[in-house]
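Chains A and B supply the protein sequences, listed in that same order. Be aware that the first sequence starts at 83, since it is given in our numbering, and climbs by one per residue. Be aware that the second sequence starts at 22, since it is given in our numbering, and climbs by one per residue.
It is worth saying that the hints were derived from the structure and are not from the lab. Do not take every clue at face value.
Pairs of lysine-lysine, BS3-like flavour, derived with a Cα cap of 30 angstroms [claimed, not checked]:
id, chain 1, residue 1, chain 2, residue 2
1, A, K147, B, K254
2, B, K248, B, K144
3, B, K422, B, K381
4, A, K109, B, K254
5, B, K215, A, K109
6, B, K381, A, K311
7, B, K409, A, K109
8, B, K89, B, K248
9, B, K90, A, K128
10, B, K409, B, K329
11, A, K316, B, K324
12, B, K83, A, K109
13, A, K316, B, K381
14, A, K316, B, K44
15, A, K150, A, K190
16, B, K324, A, K311
17, A, K311, B, K144
18, B, K157, B, K144
19, A, K128, B, K248
20, B, K226, A, K128
21, B, K409, A, K311
22, B, K144, A, K147
23, A, K311, B, K157
24, B, K144, B, K89
25, A, K150, B, K216
26, A, K316, B, K83
27, A, K147, B, K83
28, B, K90, A, K311
29, A, K311, B, K44
30, B, K248, A, K316
31, B, K248, A, K311
32, B, K90, B, K44
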Amino acid sequence: MISTVYAVLFYLATFLMVAGVGMKVFKYATTPVPLNIVVSPAPRTKRGVVFRMFREVIFFESLFKSNKWIWLFGYLFHWGMLIVLLRHFRYFTLNTWWWVEIISPIGKLMAFAMLAGLLGLWARRIFQERIRYISNPSDHLMLALLVGIAGSGTMMSYVTHTDIINVKAYFLGLMRFDLSHTLPADPILMAHLGMVVILMIIFPISKLLHVPGVFFAPSRTLVDNAREKRRVSKWARNLPPLPEGIPAKEEG
Amino acid sequence: MAPLDDDKKDVPIFSDYPSQMPKIECGASLDTNTFKAYPEHNEALGFPGELIDNWQEVAIAKIGELAKKNRAFQVYLDACVKCGACTDKCHYFLGTGDPKNMPVARQDLLRSVYRRYYTFAGKYFPWLVGARDLTKEVLDEWYTYYHQCSQCRRCSVACPYGIDTAEISMAAREILDTVGVGQKYCNEIIAKLKKTGNNLGLNPKALRATLEDLEEDLEDETGIEVKIPLDVKGADVLLITPSADFFAEPHIDGLLGYAKVFHASGVSWTISSYASEAANFGMFIGSYENMREVSWRIRQAAKDLGVKRIIFGECGHAWRVGYSFLNTLAGPFDFLDQNYPIPQHILEFTLDEIEAGKLKIDKSKNDEHIMTYHDSCNVARGSAMGPKEGGQFDVPRAVIKAVCNNFHDMERDTIRENTFCCGGGGGLLTDDLMDLRIKGAKPRMTALQQVTEDHGVNKMAAICAICKTQFSKVMPKYGYDMDSVMSVHQLVANAVILDGQETDEADPAAAEETP
Numbered sequence: 083m084i085s086t087v088y089a090v091l092f093y094l095a096t097f098l099m100v101a102g103v104g105m106k107v108f109k110y111a112t113t114p115v116p117l118n119i120v121v122s123p124a125p126r127t128k129r130g131v132v133f134r135m136f137r138e139v140i141f142f143e144s145l146f147k148s149n150k151w152i153w154l155f156g157y158l159f160h161w162g163m164l165i166v167l168l169r170h171f172r173y174f175t176l177n178t179w180w181w182v183e184i185i186s187p188i189g190k191l192m193a194f195a196m197l198a199g200l201l202g203l204w205a206r207r208i209f210q211e212r213i214r215y216i217s218n219p220s221d222h223l224m225l226a227l228l229v230g231i232a233g234s235g236t237m238m239s240y241v242t243h244t245d246i247i248n249v250k251a252y253f254l255g256l257m258r259f260d261l262s263h264t265l266p267a268d269p270i271l272m273a274h275l276g277m278v279v280i281l282m283i284i285f286p287i288s289k290l291l292h293v294p295g296v297f298f299a300p301s302r303t304l305v306d307n308a309r310e311k312r313r314v315s316k317w318a319r320n321l322p323p324l325p326e327g328i329p330a331k332e333e334g
Numbered sequence: 022m023a024p025l026d027d028d029k030k031d032v033p034i035f036s037d038y039p040s041q042m043p044k045i046e047c048g049a050s051l052d053t054n055t056f057k058a059y060p061e062h063n064e065a066l067g068f069p070g071e072l073i074d075n076w077q078e079v080a081i082a083k084i085g086e087l088a089k090k091n092r093a094f095q096v097y098l099d100a101c102v103k104c105g106a107c108t109d110k111c112h113y114f115l116g117t118g119d120p121k122n123m124p125v126a127r128q129d130l131l132r133s134v135y136r137r138y139y140t141f142a143g144k145y146f147p148w149l150v151g152a153r154d155l156t157k158e159v160l161d162e163w164y165t166y167y168h169q170c171s172q173c174r175r176c177s178v179a180c181p182y183g184i185d186t187a188e189i190s191m192a193a194r195e196i197l198d199t200v201g202v203g204q205k206y207c208n209e210i211i212a213k214l215k216k217t218g219n220n221l222g223l224n225p226k227a228l229r230a231t232l233e234d235l236e237e238d239l240e241d242e243t244g245i246e247v248k249i250p251l252d253v254k255g256a257d258v259l260l261i262t263p264s265a266d267f268f269a270e271p272h273i274d275g276l277l278g279y280a281k282v283f284h285a286s287g288v289s290w291t292i293s294s295y296a297s298e299a300a301n302f303g304m305f306i307g308s309y310e311n312m313r314e315v316s317w318r319i320r321q322a323a324k325d326l327g328v329k330r331i332i333f334g335e336c337g338h339a340w341r342v343g344y345s346f347l348n349t350l351a352g353p354f355d356f357l358d359q360n361y362p363i364p365q366h367i368l369e370f371t372l373d374e375i376e377a378g379k380l381k382i383d384k385s386k387n388d389e390h391i392m393t394y395h396d397s398c399n400v401a402r403g404s405a406m407g408p409k410e411g412g413q414f415d416v417p418r419a420v421i422k423a424v425c426n427n428f429h430d431m432e433r434d435t436i437r438e439n440t441f442c443c444g445g446g447g448g449l450l451t452d453d454l455m456d457l458r459i460k461g462a463k464p465r466m467t468a469l470q471q472v473t474e475d476h477g478v479n480k481m482a483a484i485c486a487i488c489k490t491q492f493s494k495v496m497p498k499y500g501y502d503m504d505s506v507m508s509v510h511q512l513v514a515n516a517v518i519l520d521g522q523e524t525d526e527a528d529p530a531a532a533e534e535t536p
């Protein structure tokens with residue numbers, strides 16, 4: 083019964099996340115950029131922009147320059163989460179890929195980096211007056227959710243192991259629309275998966291949109307070529323034409 | 022205009038260091054409000070004269086419209102994670118301590134309304150995500166705090182996603198204009214420009230007389246005839262310069278510098294009375310249509326005069342519009358000489374002339390000045406110069422160093438892409454915001470004071486009409502003389518020696534006399 087409920091939830095969450103983010107990405111990609119508003123100094127070539135964005139996404143370059151503490155905690159959290167997520171491939175592939183095997187031991191440890199980063203960010207949100215001022219309940223809940231996911235996952239890795247063989251069988255089944263496997267009735271696992279479902283569902287309707295958003299911010303993604311290249315968006319082209327020439331009365 | 026009640030203001034004191042955190046004080050600058058535009062100003066710009074009856078409905082619809090027309094607006098409203106990296110970057114926050122002047126909080130004034138009407142979470146769980154109904158109080162708050170943003174983009178540099186508060190602030194002002202709540206300073210000026218061709222409302226006759234006076238000054242100083250041509254058909258270069266260059270100090274001295282450089286280079290040039298303004302306040306109010314209309318005048322003037330090149334004088338936001346938007350708004354400029362950048366900055370031109378050895382320079386003429394340089398925000402973060410990335414920082418410094426012996430940069434965190442706004446940009450250079458302007462200048466003035474202590478710096482050069490006016494007004498509040506701010510081309514003018522110039526009369530102060 084619970085296995086079926088979770089199956090439905092995972093299908094639903096996957097659909098909502100993929101469709102929701104897809105719609106947002108489509109919207110971002112098709113919304114015009116009427117003027118070149120790149121924040122300079124900016125690269126003069128497309129290659130340069132790719133390199134700039136690479137540095138932003140891989141190193142959080144701007145954040146590093148602007149705030150070392152947020153960078154440190156944010157970096158620990160995001161990279162920790164990435165390695166942990168990659169490690170999770172072992173539960174979704176029949177024969178674990180070689181590189182997943184390699185990172186698996188690190189992946190287990192990276193859960194602590196992820197947790198440390200999250201707790202650091204949360205502490206700043208609570209104790210740093212400026213950040214407390216700009217925080218909404220959703221900002222705290224988002225951190226709570228991520229701490230919950232990371233915490234429950236770490237519990238299963240280090241404290242009370244769940245029946246991981248069955249979990250893997252269950253998810254491999256889900257991926258092939260075979261619902262004959264059952265999830266172990268383990269409360270920590272239930273909590274872990276439940277919170278993941280919530281995270282997936284709120285992805286396209288929350289600030290998690292910074293993930294696609296970073297790739298569509300015109301202030302960073304445009305090439306500094308405004309003197310050479312015009313960009314007239316469709317709605318601007320349809321503006322009423324302005325008169326040619328200088329009105330006689332205004333001539334000096 | 023109401024006189025400033027100076028006694029009410031705290032005497033500004035320097036911070037210990039430029040980015041020093043203020044004590045947070047909610048509502049500290051809630052009462053700092055700029056005058057609202059009269060109906061005729063709004064109407065001249067195509068907006069309703071006064072607050073319309075169905076303003077709420079129209080404003081909400083406008084948010085949706087802007088989100089469809091401008092990717093930046095849409096992405097920036099969605100992507101913020103409230104990390105807080107921008108919170109200590111705004112000079113108005115550092116100066117006032119009002120938390121709503123923190124960039125993210127300023128964005129949230131509008132984001133909260135966007136969320137309420139355009140997002141799932143805001144529609145059904147407003148308390149969770151800080152979503153708010155659009156009430157009259159919220160509208161008033163927009164008016165207050167979106168007129169405490171100089172659109173300098175320092176916060177955008179700090180943001181991990183590049184979220185640019187300037188874009189949000191421009192959008193907010195456009196929404197306010199759309200429902201009939203305009204700002205007097207900006208809208209009156211744009212209306213004036215549409216009538217006369219410049220922000221001052223100076224007609225061609227008065228402009229000609231002013232320029233002739235300046236020509237006389239130049240002749241008195243140099244002993245030779247240096248022209249400041251107006252409406253000369255067939256000139257090579259059309260100079261588009263802020264109208265402040267015609268009447269304000271130290272702007273005029275910059276204009277005299279351009280005239281000397283053009284004279285020495287032998288390039289024929291002209292000013293246009295029809296486009297006698299580089300400034301384009303259409304940008305400050307976020308109005309694409311108005312910005313396009315103002316830019317269009319430059320195209321028409323260039324065509325009418327049959328020039329080959331367009332060069333912009335020293336003006337910060339004008340150079341952002343010129344460099345980044347002009348080609349889009351009023352291009353293509355296929356009728357101009359394609360061998361030169363379109364448009365070109367006067368500093369690019371001057372540096373080329375210096376490097377080609379066409380200017381005779383006596384650097385010692387500037388020896389009394391121990392210089393630093395203030396990167397104007399719109400030049401620093403909204404444009405570029407020269408062929409190399411970062412040229413907007415290096416070209417002005419190269420020119421200054423070519424004409425001055427003493428130069429020291431201010432602290433790294435306060436210059437180049439991290440430069441602090443002068444405190445008067447973005448349509449806030451009005452006496453009714455003087456209190457805010459003084460407070461907003463604090464980080465810059467603190468950085469200046471550091472180099473004054475460390476290196477004896479006594480002058481700061483700038484290449485923006487707004488910066489120059491702002492500093493000449495607020496510097497005295499911080500204990501500097503009002504002429505401690507200089508035009509970069511004023512330094513050039515001091516050092517350049519023209520062919521045939523009487524050189525025995527070596528009075529460096531001559532160029533600084535008010536005409």
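| Quick check: which numbered hints come out false for this structure? | 1, 2, 4, 5, 6, 7, 8, 13, 14, 17, 19, 20, 22, 23, 25, 27, 29, 30, 31, 32
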